[in-house]
Structures are given as C-alpha cells and as structure tokens.
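S.K.: Work the whole structure out from these sequences, hints included.
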Amino acid sequence: MADERWLDGLVALVTGARRGELGGGGAGIARALASHGAQVVVNDVTEELVAATVGQIQQRGGIAWGIAGDVSAPQDAQRMVDATVEHFGRIDILVNNAALGGLVPAVEHLPDEVWQRQVAIDLSGPFFMSRAALRHMVPRRFGRIVNIGSLAGVRTGFVSGAPYTTAKSGLIGLTRQMALEFAPTGSPSTCSCPPESATRRSCDGARIFSRDETIRSDRSIPKVSLASWSRSSAGGIPDCSPEQRSR
Amino acid sequence: MHVQQRCDLSGMVALVTGAGGGLGPTIARTLAEAGARIAVNDRTPERTAAVVERLREAGCAAEGFLADLTDSAQVDRLVQEVVDRYGQLDILVNKAEAHGSGRRSDEVTDEEWESVLAVNVHAAFYLSRAAVRRMRQRRFGRIIHVSNIVATRTSVLNGVAYVATKEALYGLTRHLSIEVAQHGITVNAVLPGFVATPILVERWGDERIRQLAETIPALRAGTPEEVAALVAFLASREAGYITGAAIPIDGAVSIVPGGRSDPSAAFA
Ligand SMILES: NC(=O)c1ccc[n+]([C@@H]2O[C@H](COP(=O)([O-])OP(=O)(O)OC[C@H]3O[C@@H](n4cnc5c(N)ncnc54)[C@H](O)[C@@H]3O)[C@@H](O)[C@H]2O)c1
Chain A
1 MADERWLDGL VALVTGARRG ELGGGGAGIA RALASHGAQV VVNDVTEELV AATVGQIQQR
61 GGIAWGIAGD VSAPQDAQRM VDATVEHFGR IDILVNNAAL GGLVPAVEHL PDEVWQRQVA
121 IDLSGPFFMS RAALRHMVPR RFGRIVNIGS LAGVRTGFVS GAPYTTAKSG LIGLTRQMAL
181 EFAPTGSPST CSCPPESATR RSCDGARIFS RDETIRSDRS IPKVSLASWS RSSAGGIPDC
241 SPEQRSR
Chain B
1 MHVQQRCDLS GMVALVTGAG GGLGPTIART LAEAGARIAV NDRTPERTAA VVERLREAGC
61 AAEGFLADLT DSAQVDRLVQ EVVDRYGQLD ILVNKAEAHG SGRRSDEVTD EEWESVLAVN
121 VHAAFYLSRA AVRRMRQRRF GRIIHVSNIV ATRTSVLNGV AYVATKEALY GLTRHLSIEV
181 AQHGITVNAV LPGFVATPIL VERWGDERIR QLAETIPALR AGTPEEVAAL VAFLASREAG
241 YITGAAIPID GAVSIVPGGR SDPSAAFA
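Chains as they are written, first to last, in our numbering: chain A, 1 to 247; chain B, 1 to 268.
Hints are computed from structural coordinates only; laboratory data are not their basis.
Computed from a predicted structure; not experimentally measured.
Check the hints yourself; a few may be wrong.
Here chain A is said to cover these stretches of chain B; the calculated rule only asks that three of the stretch's residues, wherever they fall, bring their Cβ under 8 Å from a Cβ of chain A [as the list claims (entries may be wrong)]: (1) 77-85; (2) 104-115; (3) 129-143; (4) 162-168; (5) 172-181.
Virtual Cβ for every residue (Gly too), placed ideally from N, Cα, C.
M.R.: Spelled out as structure tokens, the structure:
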C-alpha cells in the first residue's frame, strides 16, 4: 500500500536497536520505520548486536545500515551522526531509544559508578545525539527527534532505581526545551514523544514495538512516535498527524 | 515573625548549600530564627565566610563548611564534618545550582552540559545519599531542593542543560521520597518563580522589576522571605506528610496560559 510507505526517502537513526527479533523496543522501532519506507541506521554498542537487526530489515526488503558506538560519549555521538549523513546523505529522524535501567541498590547504598553511568547513557546520551543531529537538521530546516521516555520520568520506576527515574525525568526537560528552541517557524520542527505518550508507548511499547504485526494493526504508534510539536505552543500539545512530514 | 511562631526547628541541625548567594542567606537566617543550628556551604571560602559572618551578626548560630559538591568524597566528608560538629543532621537544604549559558541546544558545549549536570544532578545525589545515611539513624529528616519554576517549563536564559537537569532533580526528589518515606524522611523541591533577591534588584533596577512584575498574575515579584518561609515549613515536624512534591512559589506565573515561565528572559 502506498500509504504504508509514508516515510519513503527519509533517513532515520535509531539508538539501542540491537538483536533483531530478539531485541527490545529499539529493534522494533527500526523495523517499523523501515517497513514504512525509511532508510534506517541501526545503532547499538557492538557490531554483532547491530548486524542482527540490519540483517532482519534487509531480509524483509528494507534499507538498513549499522553503526556501533556509545551514545554517552560525545565524540562517538557526533561520529555516528556524521557517518549516517555520509552514508545516506542526510538525517531526518533520530530516535533516542538506547537506555540502561534495571534494579539498582537504594540511594544510600548506590555506588557512584552505577549512578553516573545510567545518568550518562539515559540523559546525556540523548543530548549528545540530538545535538549532533541538530547540526545537520537545522541547516536543512527539517528534523524529527523522538526521545523514548518512561513512566519513571513522570512518576517513578517500578523496577528501576534513582538514576533511571532521574535521567528519564531529565529527558522530559530536554525534550521540552528542544521543542521550544526548534519549533518556531524558521527552524526545523524538531519533535518528540510527549512525555505521557512516551510513557504509555514504552510501557506497552517494549512489547508492542518488537512485533511488526502490532505496529501494522495499530497505526497510532508510529504516528504518535513521529509526532511533531504544534508551532503555536512550545512545549504544548503535540500535533500527531503524519501530514507533519510535509516539508 | 509568623514563621517563628509556626515552625519550631529548635534542636535541629540544618545544612544549607549555596548559602552565600541569592535566596541562601535568607533561608539560612529563617531556619536559624526558627531555632535550628546552621551549617553553611558555598563554592568559595570567601563566600562561605561572608554568609557565616552575616548570620552571626544577626545573632544566628552558624558555621561554614567547605566542599566541592561535585566531588562525592568531599560531600561525604562535608556531611561527616557537620555531624562531628553538631552531632546530627536533620535538614538538608540544597540550594547550590549551576546556570546554563542560554545557548541553543546545538551550540551547547560538552563542558557546559557536564558542569551543569555535575552541580544540579550529581551533587544533589551525593548530598542526598550522605544525608539519608545520617537521617535514617534518627528516623527523621528533611531534604529540600531549592529548584526553579523553569524546571517545569522552558528557559530562554539558561537553556537546555539547566532545564533538563532541573527536571532530572525532580525525578530524584520523587524517587528518593518513596525510598525513605518509611524512615520519617521527606524529600521535596521548592520551585520559586521570579524573586527579587538583592542582587537582581541591584542588577536590574526597580523600573525593570516593576515591568517584569506586570507579566506575573500576582503583579509583583516574590520575596526571599516568602521562599524561606516555605522552606522552613517543609523543614518542620508539621510538614511530615508532604513528600515527593515540587511546590511552585511563583505568583501563579507557571499556570498562565501562554505565560512566560522565565519572564526575566524579556530582559536578557
Ligand atoms: N521495557 C520496558 O518495559 C520499558 C519501559 C519504559 C521505558 N522503556 C524505554 O524504552 C527503551 C527501550 O527499552 P528496552 O526495553 O527495549 O531495553 P533494551 O535494554 O532491550 O534496549 C536498550 C538498548 O540500548 C543499548 N545501549 C545501552 N547503552 C548504550 C550506549 N551507551 N550506546 C548505545 N546503545 C546502548 C543496549 O545495548 C540495548 O540494546 C529505553 O529507552 C527504555 O528506557 C522500556
């Protein structure tokens, strides 16, 4: 169906998208974007992890390319985005999905390293990646940044600790501020998951996103994920219509 | 003062970070007037000594403690020193913060991002962790982060690092409040809007501040005393059931449709 390919010609970079069918939300997002026509760059920490998702997308006739790297290292973030532009000629969509969560000790027993690593990957990572992507998106006056949030960012995590809740909360502030800066006419309309949908998205999301069938049967998911912020209200209600892709 | 009548902090020990500037001296003094003994910290020995002197001149029991809050070992040592000196720590008022440059996100440097994160997020965590370890033993504690109403909105003046880290600080507040609620410890954030601190009055002058006030539903700037009174109340025994909250104190500026949360940006 023509409508199925509403991302035709766009280039998307998805972080933390390892292990194909066996992977988590990121691999599902990468597959979904590819199935709608996007050329997808798959990132995760190692080549092997990345290759599985790339292979799977290609097998289904999609266009994918992999790049390993650490989103929490600023030079790595810039390198990966630059390589994406070198390979496909542009970057239109960035999905900041990579994250590190899981059970950690209570705050009073929490070691510095655990705290710092999660905050670096879950909060600084999306900043470094977004900054690098914006440097290409701004001159072209088009871009979509989707930050995968969590219920933890709005309330608290059930199976995660202080660093995850802290970082996912910060991610909402990051999203809001970038939406303000880049939403006005004259700048690319950078867009993000609104926190609340990001939350619902990722709660059911890790499950839903890993199965393309569900994506197909629930079109609202990619639509909301690729929501663009309405121009009038910075940090306000996002406009979720797919027509927002028009340039 | 009403605060004195309502909030009795006698017998308590409070550590106030970032005590030298802005709202710091007023908060420290208000807690002291309510009966607490005060440990103050600021980023330089000079700033710390200056606020201690001001507090003592006002008849308050205060002492200065030096530490770089972005260094977890120094924070542990700071809290240890306060406990060595006073025997306990009941109240942590974390007012230290780093501002952002206000540059657009794509122009924010690694250094800006990391240094704002270090103070607004990492230091808050190190302080909270060290404080909780002490407070648990006595089954009483009050952790109060003095944040900013822009944490809930956006900031043209401070930019992405500031907004993201302030929102993150609220995440830490919420998470920690759950962990420690059963131990008699509360964790809250206070979100002042536009407050006419002496330095702002000096920098902007009365006329600018009056113009700015017109953008605020309350039609005036807040006062440091009003913020300090809220902090003192949250520190009191009476506030034991308030936890995990981020409380705006902003003359309703944050809830005006289309309003600016960062009215000072108009004058940047
Ligand atoms: N699974 C859930 O229930 C759930 C709930 C809420 C939010 N989320 C969010 O959804 C997203 C995906 O979660 P998931 O469940 O698929 O988790 P996942 O662990 O399967 O996926 C995260 C991926 O990020 C990668 N990664 C970690 N650090 C990295 C780094 N420094 N650089 C590059 N990649 C890195 C990991 O290798 C992993 O493949 C995350 O942002 C997560 O916080 C998940």
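S.K.: Taking each numbered hint in turn, which are not upheld by the structure, reported in ascending numerical order?
M.R.: 1
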